[in-house]
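Q: For the record, the sequence lines run as chains A and B.
When we follow our numbering, the leftmost residue of the first sequence carries the number 1, and every step to the right adds one.
When we follow our numbering, the leftmost residue of the second sequence carries the number 1, and every step to the right adds one.
Since the hints were made in silico from the structure, they are not lab data.
Treat each hint with caution, since some may be false.
[What the hints assert, rightly or not] Here are a few chain B residues that face chain A, going by a calculated C-beta distance under 10 Å: (1) M103; (2) L124; (3) G126.
[Said to hold, decoys possible] PhoX-like cross-link-like pairs, simulated, lysine-lysine; straight-line CA separation at most 25 Å: (4) B:K7 with B:K61; (5) B:K95 with A:K282; (6) A:K218 with A:K203; (7) A:K218 with A:K95; (8) B:K116 with B:K95; (9) A:K95 with A:K203; (10) A:K203 with B:K61; (11) B:K116 with A:K203; (12) B:K67 with B:K7.
[To be verified] Where chain B lies over chain A, by a calculated footprint (3+ residues, C-beta under 8 Å): (13) 117-126; (14) 184-193.
We put the CB at the ideal spot given by N, CA and C, even for glycine.
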Amino acid sequence: MASVAVERPSRFGIAWRPLLQRAGLTVAVFGGLWAFWEAFKWVGETTGLKLGQFTVNDRTLPHLHDIIGQLFEPSRRNGPLLIEVLWDAALFTAKEAAVGFFLGASIGFALAVILAHSRLLQRGFLPYIVASQTVPILAIAPMVVIWLGGRGLPDWLSVSVIAAYLTFFPVTINTLRGLESADPRALELMRSYAANRWRILWKLRVPASLPFLFAALKVSATACIVGAIIGELPASIQSGLGGAILNFNQYYASSPPSLWATNLVAAALGITFFLAVVLAEKLVVRRAPENVA
Amino acid sequence: MSVVSLKDVHKEFGKGGVIALQGIELEIGEREFVSLIGPSGCGKSTLLRIVGDLIQPTSGKVVVNGKSARQAREDRDYGIVFQDAVLFDWRTVAKNISLPLEMLGWDRRRRGERVKELLRLVELDGFESHHPWQLSGGMQQRVSIARALSFSPPLLLMDEPFGALDEMTRERLNIELLRIWDALGSTIVFVTHSISEAVFLSTRVVVMSPRPGQITGVVDIDLPQPRTAETREQPRFFELVADVRHRLRGLGDELDETELIVAEEGL
Chain A
1 MASVAVERPS RFGIAWRPLL QRAGLTVAVF GGLWAFWEAF KWVGETTGLK
51 LGQFTVNDRT LPHLHDIIGQ LFEPSRRNGP LLIEVLWDAA LFTAKEAAVG
101 FFLGASIGFA LAVILAHSRL LQRGFLPYIV ASQTVPILAI APMVVIWLGG
151 RGLPDWLSVS VIAAYLTFFP VTINTLRGLE SADPRALELM RSYAANRWRI
201 LWKLRVPASL PFLFAALKVS ATACIVGAII GELPASIQSG LGGAILNFNQ
251 YYASSPPSLW ATNLVAAALG ITFFLAVVLA EKLVVRRAPE NVA
Chain B
1 MSVVSLKDVH KEFGKGGVIA LQGIELEIGE REFVSLIGPS GCGKSTLLRI
51 VGDLIQPTSG KVVVNGKSAR QAREDRDYGI VFQDAVLFDW RTVAKNISLP
101 LEMLGWDRRR RGERVKELLR LVELDGFESH HPWQLSGGMQ QRVSIARALS
151 FSPPLLLMDE PFGALDEMTR ERLNIELLRI WDALGSTIVF VTHSISEAVF
201 LSTRVVVMSP RPGQITGVVD IDLPQPRTAE TREQPRFFEL VADVRHRLRG
251 LGDELDETEL IVAEEGL
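Whole structure, please, built from the sequences with the hints as guidance.
A: In structure tokens:
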């Protein structure tokens, strides 16, 4: 452990300079991507660039400003604006994904705790846990819908289960590693206090595993959104982003920017989940700077 | 009654493997300060862990506070301090010190009061809400000592607690440790590889040799109490340092004048 006295800013103290620098960087990166997109489109259209079957035109690659502009157009004749439709769809998918995230994270964590206490179980079960992730989600999703359908549960719950299926795996693998990362002398110390397994788990192993857990939750935060969107398709749920993607896919010929705009909203939802995990980590994990993942 | 009693203790790592300890016989009485000294590989840390029931001897009898080592551990009869402070970096200084008290089921108010006393004892008042990584190595080790003392165990086991610190900090903490030992009246078993540290602190120094680890001699330290910075400058201090040094080299009791001069520097 480094023995350097470090002054840290207070937990909620705001340092404006770095914040402004980061905002500036975000704007610059966004502007750069926009410029690249438009430059690629312009070069492609003026030179008639062909990449196999792919030609660049307004249908295959709409203007970014058209995509964003589409958000503020009516979604259908006399209907609400597209952004309102997508906002509702995003909230619906967010609910499915959030339930899936908590379900998956809890199961993943519990599995890690069980496996951390038994080498035998670890040898026996870990291969199957790994194998579970090699089965494509598209093959699992319809089965989950069939199993859970018609049991009086809301339809969207099977979507959450599919999202949980993608969430639990990184959590199990990383938490297991984290639980085993406790300093051996710290374990001796706990033994000298005659601490039982339960105490050692909650006072030492779990706190030691938190940086690993949060690294996993960041991966899961985006994976659960993907799981929820894909899960909506076999569940025939129309109210979420998956339904919207399917819908706008059908009308792609007449309005390409609508599908692009939907993808943009899905990406924004993923980023929101990710940032929520980052915020939770900042509030929960109090570790030496060199121990934060 | 002995606080620690070891009878013919053997420790072998692996079947037919390295013999870490052989035929260890040692009695440590109440209020004694006993140092175990020897080169690396002599099994001094292993012996300390056997007393603490953190590892089991292959054979022999270990009695701590009149009971088996295991029972003594379960009764929380000892506190332990390692070479590194081994603080939980997600806990503040105060919460690190009160960790054993949480295990004992003390309520928050009682814990808070005890932590205040201990912070005063190790001279860290005002640092209770710091995190370990905000402290120097010497301060971290003082927190670790406060944690070991928090539940007032009759026995303190220390495994090279000042080995990673610089000479100045080490000498200051030596004096502080003696003050604490005097104030609390506990028994201390102290592992070190510094001769001058062992002589300065102890009432008895147990000299060990490696391969196989065994006790080759015990030196009674008859320096007057309380010991101060001046103790290190007394002729008797140098004689005792030389005595321990000779035993470490297997030279017996003869003294050599030239060795006396360099003896002060430690091993």
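Q: If you count the residues of the segment 184-193 of chain A with a beta-carbon closer than 8 Å to a beta-carbon of chain B, do you get 3 or more?
A: Coverage by chain B holds here, the residue count being 7 at a Cβ distance below 8 Å.
Q: Could you grab the alpha-carbon distance between A:K218 and A:K203 and see if it respects the 25 Å cut-off?
A: holds (24 Å)
Q: Would you check whether B:M103 satisfies its interface hint, that is, whether its CB is within less than 10 Å of any CB in chain A?
A: holds (5 Å)
Q: Just to be careful, I want the Cα atoms of B:K116 and A:K203 compared with a cutoff of 25 Å; is the pair within it?
A: holds (22 Å)
Q: Does B:L124 meet its interface restraint, that is, does its C-beta lie within less than 10 Å of any C-beta in chain A?
A: Violated, because the Cβ-Cβ distance from B:L124 to chain A comes to roughly 13 Å (cut-off 10 Å).
Q: Just to be careful, I want the Cα atoms of B:K95 and A:K282 compared with a cutoff of 25 Å; is the pair within it?
A: At roughly 20 Å apart (the allowed maximum being 25 Å), A:K282 and B:K95 satisfy the hint.
Q: Is B:K7 close enough to B:K61, meaning Cα to Cα at most 25 Å?
A: Given that 25 Å is the threshold and the Cα spacing comes to 5 Å, the pair holds.
Q: Given the proposed pairing of A:K203 with B:K61, does the C-alpha separation stay at or below 25 Å?
A: Given that 25 Å is the threshold and the Cα spacing comes to 33 Å, the pair is violated.
Q: Measure nothing beyond the straight line between the CA atoms of B:K67 and B:K7; if it is 25 Å or shorter, mark the hint as holding.
A: holds (14 Å)
Q: The hint names B:G126 as touching chain A; please verify it with the least Cβ-Cβ distance against 10 Å.
A: violated (14 Å)
Q: Holds or violated: are the alpha carbons of B:K116 and B:K95 at most 25 Å from each other?
A: holds (11 Å)
Q: Verify the proposed pairing of A:K95 with A:K203, using a straight-line Cα cut of 25 Å.
A: violated (33 Å)
In summary, the structure is inconsistent with hints 2, 3, 9, 10 and 13 from the numbered list given earlier, while agreeing with the others.
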